[in-house]
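Taking the hints into account, I'd like the entire structure generated from these sequences.
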Amino acid sequence: MTPVRTRYELKLGAATREAFGKALVALGETNANVVVLDADLSKSTYTAEFGKKFPDRFFQCGIAEANMVAIGAGLATAGKIPFVSSFSAFVLNKGFEQLRVTAAFPRVNLKVVGTHSGISIGEDGPSQMSIEDISLACSLAGFVVLCPADEVAMTRLVQAAAAYDGPLFIRAGRAKAPVVYSPDQEFEIGRAIQVSDGSDVTLIATGLMLAESIRAADALEAENISARVVDIHTIKPIDRDIIARAAAETGAIVVAEEHLVDCGLGVRVAQAVAETHPAPIEFVGIQNTYAESGPPDALLDKYGLRAANIVDAAKRALKRKR
Amino acid sequence: MQKTSNPAELAAIARRMRREVIEMIAEAKSGHPGGSLSATEIVVTLFFDVLHHDPANPKWRDRDRFLLSKGHCCPILYAVMAEFEYCPKDQLHTLRKLGSIYQGHPDVRFLPALEASTGSLGEGLSLAIGMGLAARLNQSPSRTYVVLGDGEIQEGQIWEAAMFAAKYELDNVCAVLDYNGIQLDGFVKDIMDLEPIEDKWRAFGWHVIKADGHSIPSLQKAFLEAAAVKDKPSIVIAHTIKGKGVSFMENNPKFHGMAPTREEAALALQELQ
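Line by line, the protein sequences give chains A and B. Under the numbering used here, the very last position in the first sequence is 322; numbers go up by exactly one each time. Under the numbering used here, the very last position in the second sequence is 273; numbers go up by exactly one each time.
Wrong hints could be hidden among the right ones.
Restricting the straight-line Cα-Cα distance to at most 25 angstroms, the calculated cross-link-like pairs of lysine to any residue (SDA-like) are [stated by the list, open to error]:
hint, chain 1, residue 1, chain 2, residue 2
1, A, K43, B, Y168
2, B, K232, A, D165
3, B, K59, A, N33
4, B, K59, A, R57
5, B, K97, A, R107
6, B, K232, A, P55
7, B, K59, A, D165
8, B, K230, B, A265
9, B, K167, A, E49
10, B, K89, B, A265
11, A, K321, A, Q271
12, B, K59, A, R107
13, B, K167, A, F54
Derived by calculation from the structure, the hints in this document are not laboratory data.
Next up, the structure:
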């Protein structure tokens with residue numbers, strides 16, 4: 001697979017939630033079975049666009065996520081392809097039991113999209129910030145869990161999600177996301193993308209942290225440290241091969257995610273590394289706390305989710321390398 | 001098994017189904033006899049008379065759908081489905097055993113003819129609504145029937161779903177409340193009273209029909225009325241007796257979730273001759 005646009009200055013693109021909304025409308029044009037449900041956040045999740053275009057296939061559930069999830073499961077059982085959407089913190093936490101019993105366990109073809117993930121939502125603060133959604137979604141047996149890094153990834157992965165038969169979660173962000181990929185980049189569920197090559201250390205990232213990792217790789221290069229960058233856009237099932245190769249070939253790994261480090265991508269990478277080529281791993285993410293209100297950039301600085309933090313972690317990992 | 005609208009025939013079938021329920025649960029040595037016995041006429045009337053369904057074509061798109069939201073009462077559903085050869089009658093005695101298609105709560109992975117996996121209370125009405133919406137989008141005449149437990153509607157999700165169905169004027173969804181007045185910890189009125197139940201559903205925008213849940217003509221009349229209602233979902237409040245048909249189980253909270261002993265089962269089967 002030929003990547004990608006790296007070692008360039010990354011330009012801000014659309015937020016992944018906005019790309020999701022657009023991709024849904026495009027899906028609606030070509031697939032009459034696609035239906036969309038929202039819980040009074042359609043202007044924020046961008047499902048409102050679908051609702052305007054296809055009012056008969058859009059269901060406004062009001063502020064009732066548990067009901068929304070199970071209605072979606074009923075629609076899927078009857079052959080529709082429902083996308084249920086809300087803030088990630090709400091659809092996963094308030095709809096979790098319904099996700100477990102009505103979607104995961106009977107394995108229905110339900111698509112769940114949680115926007116406003118991570119702390120980069122900013123001023124609304126921690127009750128709205130979803131920092132444990134990767135953990136929750138991955139704990140639903142049989143679920144596919146996607147976390148696109150930019151508008152290109154989101155567009156392609158929404159298409160892949162609709163084509164995939166089974167329960168699936170997509171994690172989306174509120175903030176405008178740097179564009180990492182060229183528009184013709186291909187995405188396959190379950191196959192991670194090596195964004196750039198390197199030999200000393202591998203920076204493994206998901207979502208917004210991919211751009212930070214690319215910046216970190218640039219900074220490390222200036223110090224003659226060769227860093228590989230890998231985008232885990234599919235957190236479950238995770239691409240064990242690309243992780244094992246990274247561990248074997250670079251011997252040191254940093255995982256970066258806008259999520260609690262206790263239960264997110266990092267632990268899944270660590271499991272894959274432990275089972276294949278044990279190597280030192282450092283973890284960049286949110287450390288056993290809830291964040292606070294503030295401008296998104298200031299929050300990412302304060303909670304250690306920046307390229308500089310990834311650079312430091314890479315150096316720690318290198319020191320531990322045998 | 002042929003469908004019938006004859007109340008006497010349906011009553012005879014109900015009696016036979018009650019025997020199956022007792023035998024299955026006694027053999028399993030665990031399960032929930034009380035709620036299966038209170039829902040017997042409801043399930044029998046729906047499958048044998050009301051529902052448009054075709055056992056030879058269980059996934060027929062335009063079939064009517066039946067959901068047992070109070071999934072713990074699956075023995076009565078399994079017994080009735082086996083009558084229609086959706087699943088083998090000669091395995092009913094494997095209920096709750098390892099590897100059985102007759103799981104402790106309905107599980108589509110083991111029994112694909114089921115419409116949904118249920119068992120976590122409060123979810124079935126939302127599932128039924130999803131199926132009702134799909135039928136509307138498909139311009140299908142399919143109707144969806146969902147049996148709710150009375151304790152179950154203490155769940156908040158039921159009322160979220162109730163608002164939704166009324167908002168979307170889902171007249172192809174019909175809920176049936178098995179109002180037997182008993183839940184695991186005791187009497188519903190003591191645990192968390194539901195009254196005034198009819199007013200509540202009416203206030204939520206539903207067409208409310210009161211029925212005697214052990215009278216087949218009363219249930220038939222209720223389902224006819226529900227089918228004629230336009231632009232509103234309907235709920236049949238079926239007044240029932242927990243453990244109905246077995247004297248020592250009737251109105252006895254103990255038999256919500258306890259299997260009869262061999263001796264009790266023999267006694268029950270005698271009463272159900």
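For each hint, the structure was consulted:
no., hint, verdict
1, A:K43 - B:Y168, "holds, 21 angstroms"
2, B:K232 - A:D165, "violated, 33 angstroms"
3, B:K59 - A:N33, "holds, 18 angstroms"
4, B:K59 - A:R57, "holds, 23 angstroms"
5, B:K97 - A:R107, "holds, 23 angstroms"
6, B:K232 - A:P55, "holds, 20 angstroms"
7, B:K59 - A:D165, "holds, 18 angstroms"
8, B:K230 - B:A265, "violated, 45 angstroms"
9, B:K167 - A:E49, "holds, 21 angstroms"
10, B:K89 - B:A265, "holds, 19 angstroms"
11, A:K321 - A:Q271, "holds, 18 angstroms"
12, B:K59 - A:R107, "holds, 17 angstroms"
13, B:K167 - A:F54, "holds, 18 angstroms"
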